[in-house]
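Undergrad: Below are the chains, spelled out letter by letter.
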Amino acid sequence: MTLFHLTWKSFLNRKATLLMMLLSISMSVVLLLGVDIIRQQAKEGFSSTVSSTDLIVGARSGQINLLLYSVFHIGNATNNITWKSYENISQDANVKWSIPLSLGDSHRGFRVLGTSSAYFEHYRYGAKQPLAFSQGRGFEGLFDVVIGAEVAKKLGYNLGSPVVIAHGMGSASLMKHDDKPFNVVGILKPTGTPVDNTLIVSLEAIEAIHVDWQSGVQLPGSKVTAEQVLKMNLKPKQITAFMLGLNSRLSTFHLQRKINQYRNEPLMAILPGLALQELWGMFSFVEKTLFAISGLVVVSGVLGLLALLLSSLNERRREMAILRSVGARPIHILTLLILESLLVTLLSVLLGIGVLYLVMFYASPLIQDQFGVRLAVQGLSLWQWQLVGMVVAAGALAGLVPGYRAYRHSLADGMSIKL
Amino acid sequence: MKKLAVTIDDLLFKWGDGTPCLTIPKFQLYHGEKVFIKGPSGSGKSTLLNILGGVLAPEDGDIKVLGHDYALMKMSQLDKFRADHIGFIFQQFNLLPFLSLLENVCLPCRFSSTRRARAIDEFGSVEQGAEALLKRLGLMDKHLYQQNAAALSVGQQQRVSAARAILGSPEIIIADEPTSALDVDARDQFLALLLSQCELSGSTLIFVSHDSALEHHFSQKLRLTPSSNGGYSL
Numbered sequence: 001m002t003l004f005h006l007t008w009k010s011f012l013n014r015k016a017t018l019l020m021m022l023l024s025i026s027m028s029v030v031l032l033l034g035v036d037i038i039r040q041q042a043k044e045g046f047s048s049t050v051s052s053t054d055l056i057v058g059a060r061s062g063q064i065n066l067l068l069y070s071v072f073h074i075g076n077a078t079n080n081i082t083w084k085s086y087e088n089i090s091q092d093a094n095v096k097w098s099i100p101l102s103l104g105d106s107h108r109g110f111r112v113l114g115t116s117s118a119y120f121e122h123y124r125y126g127a128k129q130p131l132a133f134s135q136g137r138g139f140e141g142l143f144d145v146v147i148g149a150e151v152a153k154k155l156g157y158n159l160g161s162p163v164v165i166a167h168g169m170g171s172a173s174l175m176k177h178d179d180k181p182f183n184v185v186g187i188l189k190p191t192g193t194p195v196d197n198t199l200i201v202s203l204e205a206i207e208a209i210h211v212d213w214q215s216g217v218q219l220p221g222s223k224v225t226a227e228q229v230l231k232m233n234l235k236p237k238q239i240t241a242f243m244l245g246l247n248s249r250l251s252t253f254h255l256q257r258k259i260n261q262y263r264n265e266p267l268m269a270i271l272p273g274l275a276l277q278e279l280w281g282m283f284s285f286v287e288k289t290l291f292a293i294s295g296l297v298v299v300s301g302v303l304g305l306l307a308l309l310l311s312s313l314n315e316r317r318r319e320m321a322i323l324r325s326v327g328a329r330p331i332h333i334l335t336l337l338i339l340e341s342l343l344v345t346l347l348s349v350l351l352g353i354g355v356l357y358l359v360m361f362y363a364s365p366l367i368q369d370q371f372g373v374r375l376a377v378q379g380l381s382l383w384q385w386q387l388v389g390m391v392v393a394a395g396a397l398a399g400l401v402p403g404y405r406a407y408r409h410s411l412a413d414g415m416s417i418k419l
Numbered sequence: 001m002k003k004l005a006v007t008i009d010d011l012l013f014k015w016g017d018g019t020p021c022l023t024i025p026k027f028q029l030y031h032g033e034k035v036f037i038k039g040p041s042g043s044g045k046s047t048l049l050n051i052l053g054g055v056l057a058p059e060d061g062d063i064k065v066l067g068h069d070y071a072l073m074k075m076s077q078l079d080k081f082r083a084d085h086i087g088f089i090f091q092q093f094n095l096l097p098f099l100s101l102l103e104n105v106c107l108p109c110r111f112s113s114t115r116r117a118r119a120i121d122e123f124g125s126v127e128q129g130a131e132a133l134l135k136r137l138g139l140m141d142k143h144l145y146q147q148n149a150a151a152l153s154v155g156q157q158q159r160v161s162a163a164r165a166i167l168g169s170p171e172i173i174i175a176d177e178p179t180s181a182l183d184v185d186a187r188d189q190f191l192a193l194l195l196s197q198c199e200l201s202g203s204t205l206i207f208v209s210h211d212s213a214l215e216h217h218f219s220q221k222l223r224l225t226p227s228s229n230g231g232y233s234l
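Those protein sequence lines, which keep their order, are chains A and B. For the first sequence, position 110 (counting from the first letter as 1) is numbered 110 according to our numbering, and the numbering increases by one without interruption. For the second sequence, position 109 (counting from the first letter as 1) is numbered 109 according to our numbering, and the numbering increases by one without interruption.
Any given hint could be a false lead.
Partial pick of chain B residues on the chain A-facing surface, computed with a CB cut under 10 Å [stated by the list, open to error]: (1) Asp79; (2) Ile86; (3) Gly87; (4) Phe98; (5) Arg110; (6) Phe111.
Cross-link-like lysine-lysine pairs, in silico, DSS-like; alpha carbons within 30 Å at most [to be verified]: (7) Lys135/B with Lys80/B; (8) Lys38/B with Lys80/B; (9) Lys142/B with Lys9/A; (10) Lys15/A with Lys142/B; (11) Lys2/B with Lys74/B; (12) Lys135/B with Lys9/A; (13) Lys38/B with Lys64/B; (14) Lys14/B with Lys26/B; (15) Lys43/A with Lys153/A; (16) Lys34/B with Lys221/B; (17) Lys128/A with Lys258/A; (18) Lys9/A with Lys221/B.
What the hints contain is simulated information worked out from the structure, not anything from laboratory work. Ideal placement from N, C-alpha and C gives every residue a C-beta, glycine not left out.
All chains should be built: construct the whole structure from the sequences, respecting the hints.
TA: The structure is reproduced here in structure tokens:
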């Protein structure tokens, strides 16, 4: 029978109160780790939105603005860029592939992206994963549209569903391109990126629905029908932005400088990785606040444990005196109390981790359903283990306070058991 | 020639506020002796026991137990000495309620390797020793041994405490009113068992009580009496 055995038996003797404490600390651990896991996965998801793209080029503005509208489809471009500039730059010797992007139209609240088939070929997200079709294929005909997984799910679209594209963003009372309806020909697999919420058509299609429009309104009396438009020259005159993949990453900065100094038109090229980092940095105060709050919850849990241990000391004075009388030294008494708080925090942490994984396991599909964010159930990171370690250490430290008091008591009380 | 187990000379103990509490001009006890110390409540019985146990240090005077001068020993040495050589029995609530009978009896042998070695020497193992002593003290029911101490009657608890104090044969056993919670029959029975077990293990017994009815069991009797300085003296 060791000191640990004694601690355990004494713990069981007071299990009702200690169990409540255990639950309270384990909940704080769930919160702490939960916040950290969501933070980590949000960051990972965020930075995996676009990969393998070396440069994103758009009209000159801020790099975050460009990143937001070209990759996240949030906000609008300050200006379009000419097709000529796109052709010029994409023919640069350093460029391996290019994806033109044309934004500005929507369908029932979802963004419509005009692009080329290079999009399906070269666009990468996450760990350099290409886009994949769950049904159908890429666009071939002028009025073909490929939809993201989320669009298909929310709107209940299947292959062959008709789609009418609206001019501008928003879902109410927009001018509609209803004279030129589209057909769903492909549905993409979920990616966990803004692609899921996007409808993808060809650049020519974007051009086609706008042939009889000028300055955002349809010209009266000059209606061009869908049949007529098929026979027209639909070479795009301008696009919103484009992505570039280079032959060698070494040429990135060289080409970036070249684009930024492009003479014919004010252009800007950004490195998506850097821009993503800067954008995430803007959220970091939210992240830090959440983390601080969950940290404080843990602190309050540990303080609660401290209070409980301190208040139990008086009723345990007899226990200490008996132990002293059978030969326990004050250091044993100190050890006993530290072991106890260590035991409580250790069990709390284990319970907390268990509950966390249970919640993640069952909540992950729900969260994906509700928010479109994929919560991967994975092991704790080194940092999270360090957090857990800190909680346990704080618990052990909390035991030091009542431990020291009991130590002083047992020196003063000796073996006389006061009633 | 008999060896001295305890000698006290010119001992003076004061509380922190300076009120004198206990004076002992001279006290001697030989190995194997059994002494009855009578004193009313508040006369400093517990103080005396804590001084004998080395938990409280006197203001003045010498105290030697088994040839060890307490004044020359450090706190940790006193702790070890007490664990190895002194067994205690208190008035009541001696046992840890969340441990089984057997675990309670074995406790001192967990903290003192000397007593553990002696118990193993005598009985083969600590647990066997505990069982043997419990049996000798009249607790025959073996399936009681695994039960929590809280389930026992006070009389049974005191026997368990006695077994605990004796296991590992400490040279000195200090009993602080161990019978005050017992009725007369149980009291006499307990005392007889305790005395015979001390005889068997050759332990020196220091028995403190306010109850004169127990005096006749002891050959050596002492009294704590009020002294002129407001405290008590032996």
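Undergrad: Provide an ascending list of the numbers of those earlier hints which the structure does not satisfy.
TA: Of the numbered hints, just 18 does not hold.
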